[in-house]
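Asker: Chains A and B, in that order, give the protein sequences.
Residues 1 to 243 in this note's numbering are what the first sequence lists, from first letter to last.
Residues 1 to 243 in this note's numbering are what the second sequence lists, from first letter to last.
Just so you know, these hints were derived from the structure itself, not from any lab.
One thing to keep in mind: the hints can contain errors.
When chains are identical, the list treats them as one kind, so a pair holds in a single copy or across two.
To be verified - In silico lysine to aspartate or glutamate, EDC-like type, Cα no more than 16 Å apart, as pairs:
1) K242 with D229
2) K242 with E42
3) K32 with E80
4) K126 with E201
5) K232 with E215
6) K242 with E214
7) K232 with E167
8) K126 with E65
9) K123 with E39
10) K95 with E140
11) K242 with D217
12) K242 with D196
13) K68 with E215
14) K242 with E96
15) K126 with D143
16) K95 with E39
Number of protein chains: 2
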Amino acid sequence: MTYCIGLKLNNGLVFMSDTRTSAGVDNFATSKKMFTWNEPGERMITIMTAGNLATTQAMISLLEERSKTTEDRDPSILREATMFQVARLVGATLKEVIGETTNEGQLKQAQFSASIIVGGQIKGGKPTVFLVYPQGNFIEITDDTPFFQIGETKYGKPILVRAYDPEMSFEDALKLLIVSFDSTVKSNLSVGLPFDIQVYEADSFEIGTTRRIEESDAIYQAISSGWGDALKAAFQKLPAYKL
Amino acid sequence: MTYCIGLKLNNGLVFMSDTRTSAGVDNFATSKKMFTWNEPGERMITIMTAGNLATTQAMISLLEERSKTTEDRDPSILREATMFQVARLVGATLKEVIGETTNEGQLKQAQFSASIIVGGQIKGGKPTVFLVYPQGNFIEITDDTPFFQIGETKYGKPILVRAYDPEMSFEDALKLLIVSFDSTVKSNLSVGLPFDIQVYEADSFEIGTTRRIEESDAIYQAISSGWGDALKAAFQKLPAYKL
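Excised from the complex, chain A in its bound form (with noise of 0.2 Å):
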């Protein structure tokens, strides 16, 4: 599996995705599922993916490939107008990798499948975030429902309900997203560190800071054990429920 978040904040969007991919407890490695488009001053946009890996490198292939021959081809994702064009476009895609690879039936369909996150801003928009789904089909992120996952979703959500809030600063909402990362990580095998974070900061048209974050990174593992401690201390704290 995978886990990936996609946050939209009051000051931009932060983005975060686990490394892990896996065909089987003996098959594992690491492999990047965040990829970002950038024309300084005009747009960026940020993919996440989860899912086939096949699937998802072949969609990321496709879009890579005719964003770079833009004479030659249409659509490409430097091109499109709108965030929700580019959505549409993923979609699209998408779906066209995954009807490619599987021409058995809806059952056969399920193992090739993939969801995506893509976020960002072009000029004249404002910032966004998409959940595009295997169908093509996709939705927006709103004031009611600020965040999207894919992947191993459960594990880190009860964190992200209770604690986001869209007037976070950014520092506080990597903490935010490393504590969720930190929960599905205890929890699933599926889900592993390197994780990679970018926070793209509202009309800056800038990728903004990006960094791959370590087993080994000293901030990661005092939030980590931290996060531990303090539930514990919390838990401590709260009142017995008496017999």
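The hints should help you fit chain B onto chain A, whose structure is shown.
Answerer: Leaving out everything else, chain B in the frame of chain A:
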């Protein structure tokens, strides 16, 4: 879905289950998922069920019926000499029920599937818990795996992993389970209050404290809202991830 936990402490066992059953969002109801058999001074057996309600009710009814007419029928849950034999009986009964409903191959079988937690103590043995699979086989709780979850297990797992301690008191264990259930309820509609709890003290061979926790329960509300606040406070205290 469902959420049930069976937990082993040095002092004994704690069981907790939700009561929501649903066949779609417009068809949900409250149904007990925790069942207890007791021969005071001799044995205490608790079963919790997750999965297809028709399957689990049929299984409980069979166990129940067979336990009441012990003269006529074998095997009986009140006759087996050890908890291991009880788990075998539960597994065989579960497999029998699933098999009766489904003679249409494995694909159909998944629909009528169920998982069971069975725990307790029989004189001469130690308190223990088993997780029974739909195939009828089962695993036993150990010091390395001190709790079993069935149903919607993921949301509530991180806090169990972090705060469980075999030395903890029953009251702390209940608090832990309530936090785990509350995290699940906040993230997933298919798990809902009221919750059933049972505390079994080792070597008592009595049912022990049982209670139904309703949404209006003051301590539950204090733990639930207290946990939200405690999480936020704990989160604030973590070191920031500097950009």
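Asker: Does the structure break any of the earlier hints, and which numbers would those be?
Answerer: 1, 2, 3, 5, 8, 10, 13, 14, 16
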